[in-house]
Amino acid sequence: MHELSLCRSIVGVVERHADTARVRRVNLQVGQLRQVVPATLTYCWSLVNADTPLGGSELCIESVPARIRCTGCAGTTELDAPVLVCAHCGGTAVQVVAGEEFLITSLELTEA
Amino acid sequence: MGRFHRHDEHGHAHEHGQAHEHGQAHGHGHGADPGDHSGYDTGPERVSVLERIFDENDATAAANRADFEAAGVTVVNLMSSPGAGKTSLLRATLQRLAGGPRIGIVEGDIETSIDADRLAGLGAAVTLVNTGNGFGGECHLDAPMVRSALPRLPLNELDLVIIENVGNLVCPAEFAVGEHSRAMVYSVTEGEDKPLKYPVMFRSADLVVVNKIDLLPHLPFELDAFYRNLRAVNPDAAVVETSVLTGAGIGRWCDWLTGVRR
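Protein chains in written order, with the numbering used here: chain F, 1 to 112; chain B, 113 to 374.
Calculated from the structure, these hints are not laboratory results. Worth double-checking, as some hints may not be accurate.
Think about it this way: if two alpha-carbon atoms lie no more than 25 Å apart in a straight line, the pair counts; the simulated SDA-like pairs of lysine to any residue are [what the hints assert, rightly or not]:
#, chain 1, residue 1, chain 2, residue 2
1, B, K306, B, D271
2, B, K306, F, T40
3, B, K309, F, D19
4, B, K306, F, S63
5, B, K309, F, V37
6, B, K309, F, V64
7, B, K309, F, V85
8, B, K309, F, G12
9, B, K309, F, P65
10, B, K309, F, V97
11, B, K306, F, R25
12, B, K306, F, T92
13, B, K306, F, Q32
14, B, K309, F, G31
15, B, K306, F, N49
16, B, K309, F, T105
17, B, K309, B, P347
18, B, K306, F, V37
19, B, K306, B, A288
20, B, K309, F, T76
21, B, K306, B, S316
22, B, K309, F, R16
23, B, K309, B, P332
None of the values given here were measured: they were computed from a predicted structure.
Produce the complete structure using the sequences and hints provided.
In structure tokens, the structure reads:
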């Protein structure tokens, strides 16, 4: 699915930041409200980067649980399903405070 | 954003505490001897990036949006699974709004011009984006793809542009293209549980068109259960029930479409 094009976007960011250094590892945060499959993403990463300077680099994904804050009772709920309901009062007027992350946090480099 | 900070110069020893924030022991002794940055060290360096992966797409989406604003065009991103009825709905829309707002359509498809052909001759400016170039074909339109189509649309002569995205309930939801509003077409043949299975798409929609309602008498489909699931993931989306076959709800859909204007 879209993991392939996501990998190409990641490559663009990584190349810009790594300059001439060799990339060993790319650390990502992926929120659980993102429809991104980590295993597919790492598979696509190896596919997209085969025979490129990024070949052999590792994509390391930290999954970020989804959390909402209720605007009614101010309670926070960690979600185990994408159902946006406050666990404390049952309210549906909620804000997503975590779980939508999709970012490159850091790179691990060795000198080329 | 996301500034690169190399550690191979003198005078940046302060950075190394941050570089090891995840407690990884690299064993090359920066802490013990901050003066030893001789360049012989081949251990890994961790550099902070903190860059959102969609930043580049979003920057292009903002450029698209600026072009739409400059031309005074309202843009709606129309998404659905394959076969939910986007193209049929658009045909009915163009027929209903004939003589009204001047409409352009960006038609996204992995291959073929079949859908674009179906929309021809109904008074709209139609341009096709085939996403099939490259690695297996993209399953969505992203902002650069839409940008590539804009020179083929007479934006200054249009009031409304509808972007018919590639039929897919997953990927299009992740990519902003510069639209003012998002509508999705959901058909009652798809099952009540789809909002829970594809929450990103349902959550991102400003309007959900519930299509093919003429089929309800023939299906073991519970509309109430669908609405419960929809509200669980998106309490705020507007809803219009339609049947392209009978014409039910097409007027209300067109009212929403022409009311998106800021």
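Against the structure, the hints come out as follows:
no., hint, result
1, B/K306 - B/D271, "violated (33 Å)"
2, B/K306 - F/T40, "holds (22 Å)"
3, B/K309 - F/D19, "violated (40 Å)"
4, B/K306 - F/S63, "holds (23 Å)"
5, B/K309 - F/V37, "holds (13 Å)"
6, B/K309 - F/V64, "holds (19 Å)"
7, B/K309 - F/V85, "holds (16 Å)"
8, B/K309 - F/G12, "violated (30 Å)"
9, B/K309 - F/P65, "holds (17 Å)"
10, B/K309 - F/V97, "holds (21 Å)"
11, B/K306 - F/R25, "violated (36 Å)"
12, B/K306 - F/T92, "holds (19 Å)"
13, B/K306 - F/Q32, "holds (17 Å)"
14, B/K309 - F/G31, "holds (16 Å)"
15, B/K306 - F/N49, "violated (34 Å)"
16, B/K309 - F/T105, "violated (28 Å)"
17, B/K309 - B/P347, "holds (16 Å)"
18, B/K306 - F/V37, "holds (18 Å)"
19, B/K306 - B/A288, "holds (22 Å)"
20, B/K309 - F/T76, "holds (23 Å)"
21, B/K306 - B/S316, "holds (14 Å)"
22, B/K309 - F/R16, "violated (35 Å)"
23, B/K309 - B/P332, "holds (19 Å)"
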